[in-house]
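A.B. asks: So the chains spell out like this:
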Amino acid sequence: MAGFSYMRLRGFLRKEVLQIMRDPSSLLLGLVMPVILLLLFGYGVSLEPRNVPVALVVNDTGPAARELQGRFALSRYFLPVTLKTIPEAVAQMQAGKVDGILHVRSDFSTLLETGREAPIQLILNGIDSNRARIVEGYIQNTIGLWAERAALVSGKPYSPVMVVEPRIWFNAAANSTYSLVPGLLTLIMTLIGTLLTALVIAREWERGTMEALLSTPVRSNEILLGKLLPYYVLGMIGMFFSIVLGVFLFQVPLRGSLFVLICLGSLFLMASLGLGLFISAAARVQFVAAMASVLAGFLPAFFLSGLMFDLKSTPMAIQVVSKIIPAKYFVTISQTLFLAGTVWSVLLPASLVLLLMSIVLLGVARKKLGRRLPQ
Amino acid sequence: MSSVLFRVITLIKKEFLMILLDPKSRIVLIIPPIIQFFVFSYSATFDLQNVEFALLDESRTELSRSLVSHFSGSKHFELVRVLDSSVQAAELINTEQVRLVIHIPRDFADKIAEREPATVQVVADGRNSNVASIALGYVEEIVQQFGESLHRGNLVESSQVALIQRSWFNRNMETRWFIVSALGGIISMVIVMILSSLSVAREREFGTFDQLLVSPFQPAEILIGKALPCVFFGFLDAVLLSIAAVYWFGVPFRGTVAALVLVLLAFMIAIVGVGLFVSAISVTMQQGLLGAFVFIMPAVLLGGFTTPISNMPMWLQRATVINPLKYVVQGLRDVFLTGTDSFAMWHHVWPLLLISVVTMPAAAVMFRYRTQ
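Here the protein sequences come in this chain order: A and B.
Numbered by the numbering used here, the letters in the first sequence go through residues 11 to 385 in order.
Numbered by the numbering used here, the letters in the second sequence go through residues 679 to 1050 in order.
Note that these hints are calculated values from the structure, not bench results.
Source: prediction; values computed, not measured.
Even for Gly, the Cβ is constructed at its ideal location relative to N, Cα and C.
Wrong hints could be hidden among the right ones.
[Stated by the list, open to error] With a cut-off of at most 27 Å between alpha-carbon atoms, the simulated DSS-like pairs for lysine-lysine come out as follows: (1) A:Lys333 x A:Lys377; (2) A:Lys322 x B:Lys753; (3) A:Lys25 x A:Lys378; (4) A:Lys378 x B:Lys702.
[Claimed, not checked] Facing chain B, a subset of chain A residues (Cβ under 8 Å, in silico): (5) Ile46; (6) Ile137; (7) Glu158; (8) Arg177; (9) Trp179; (10) Asn181; (11) Leu209; (12) Glu214; (13) Val304; (14) Leu314; (15) Pro325.
[Claimed, not checked] These stretches of chain B come out as covered by chain A in the derived footprint (C-beta under 8 Å, 3 or more residues): (16) 798–810; (17) 908–920; (18) 945–952; (19) 986–999.
Given the sequences, and given the hints that come with them, work out the whole structure.
C.D. replies: Okay, structure coming up:
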């Protein structure tokens, strides 16, 4: 075998591993970052508002209005601020101190007693409209609870016309950690796969050591493998850390097969490594490679993978772009394996695409690595 | 004094040339941020569209059909399958063919006629809990509106209490405004963070930093020379992206331009301070880049960009006071949507200046300290 030598590969690998071990920064990213990210995601990222500050302007002193006020004071969702006048409340809202104003007019009790419609006015801060919507739902629920109870006391039946009975499968409490931790796996492996490797070939070019390498008998395949394997191991360790932390610390259920998750995880890691090495070999300048890996690897993994945002709600052009993002497929795989189980009709198409992507990306990286000096 | 000025100017000139002379570097600073901005602006939304749902209508009455038409008529929902029995639901959700199953039970119309609460059962795919919660919110809204239309048709008694709701600053509750107004800050931060965190590390790797240190330059002069080009490019990107937000995405600009410039400049100085500090303690470019990410990831997650800071536990909320991104995200939303002038912007600006006052000198000290 003149084209490929295990001895040469071993020597080259040894050099790469030593380079990683002696540079604390790659170990930091590979081993410490996953832990930090998981903790931040687990504790810090939540779309469920708690202790929402609301201004209550209740100009009615009747028992019904006081009861309603009490409901808000008792709820663990709200931090009500009782104010006398609307202008005061408006000032608080403009300063961003309250997220909503609930206004009960002075004729509220009278209207209720005479059997007419009694309006309650709600003004929401719409800047974070997602939050505004959730807060509106909370307020509606609180008012509904109050109305039910008020009806019990006064003996008049109150009943809503229709009730929605929601059930969320795989995640009954809509716990966002359950969805985020599997998604986070994708982000962590993208960081290790694309960011860490983006510099490793460009660095050799920039330092001039690539030219030295080219004059040795080492083949392109051996260079590629030597650069690939250590980071593959690092990525798998990072993935293992994330799974263990997710399952034991955040109690995310792993309903599918761990073995399948690890297999498909390494497939995704191959695609990420391929992208990183391709960028590195094509850019040949570390600064450009760094920028490109962030712009083509990290940011799409955050925005275009379906991790935070719903891809199917985006315009067609964006959906087409997202089809070439490896992270998109792994978010689907990971969320399905963690929460739904080993559903092959979802997993199989996604893993085939990943397989294709890793072959293409590693292929072009190999091609770009070509043993040719710059013109 | 004039010689100090002369030295700094030559250094700044050299830094600019280093970036501008390399065609790849030149392009990387301007074109990708703009592409990213457009792609992410369209993708980063919490408004759902065309959520595929399957329908199991066991009531089969005029009333239930009318409710269904409210769903299929909404731009949020798209009816893709009509089911005959509830056993089919599991398969459809498991395989991601639908994301929602709406089940109208047999007694739906009877209950309404008897003036009892009628139930509508909804099953959502919880793999993405956020999407599930938002979709269920839409379902509630549609069902409630349908119930109210029955009031008006006098089919049922009025429930007496009516909530009249209005949303300020963003009347149609578009999440795109919320995201796009702050997105320029995020993208330019990523660019500037990489630019600055590599700047000293590159010279260290090539050994030219030692030459700088033995030259008559003071650390403060090196600091200014390194910082200014980074601030310039970051500010340029952020301004370009703000212009795109207003003219392409139609985000309202209700504040003053001065307030925008103020908060962006203060933010860029703070970020360059952090970036140069990271760069100063790095010996290789790889360390610089990875160091930048150790900062970027937590900063983005805890900056209130996608998830509100007020949802976090208290100890984490306190920790966000040192996150520069938090101030620019709020500042940008204030200046775009609330309409803030430079005076009111000040309480976002001074913490940023404070951060730079700490990080910039720390970077200058580290210039010498990390030299072997």
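A.B. asks: Taking the hints in turn, state whether each one holds.
C.D. replies: Each hint, compared with the structure:
no.	hint	in the structure
1	A:Lys333 x A:Lys377	23 Å, holds
2	A:Lys322 x B:Lys753	13 Å, holds
3	A:Lys25 x A:Lys378	22 Å, holds
4	A:Lys378 x B:Lys702	17 Å, holds
5	Ile46	7 Å, holds
6	Ile137	5 Å, holds
7	Glu158	10 Å, violated
8	Arg177	5 Å, holds
9	Trp179	5 Å, holds
10	Asn181	3 Å, holds
11	Leu209	5 Å, holds
12	Glu214	12 Å, violated
13	Val304	6 Å, holds
14	Leu314	6 Å, holds
15	Pro325	5 Å, holds
16	798–810	holds (count 13)
17	908–920	violated (count 0)
18	945–952	violated (count 0)
19	986–999	holds (count 6)
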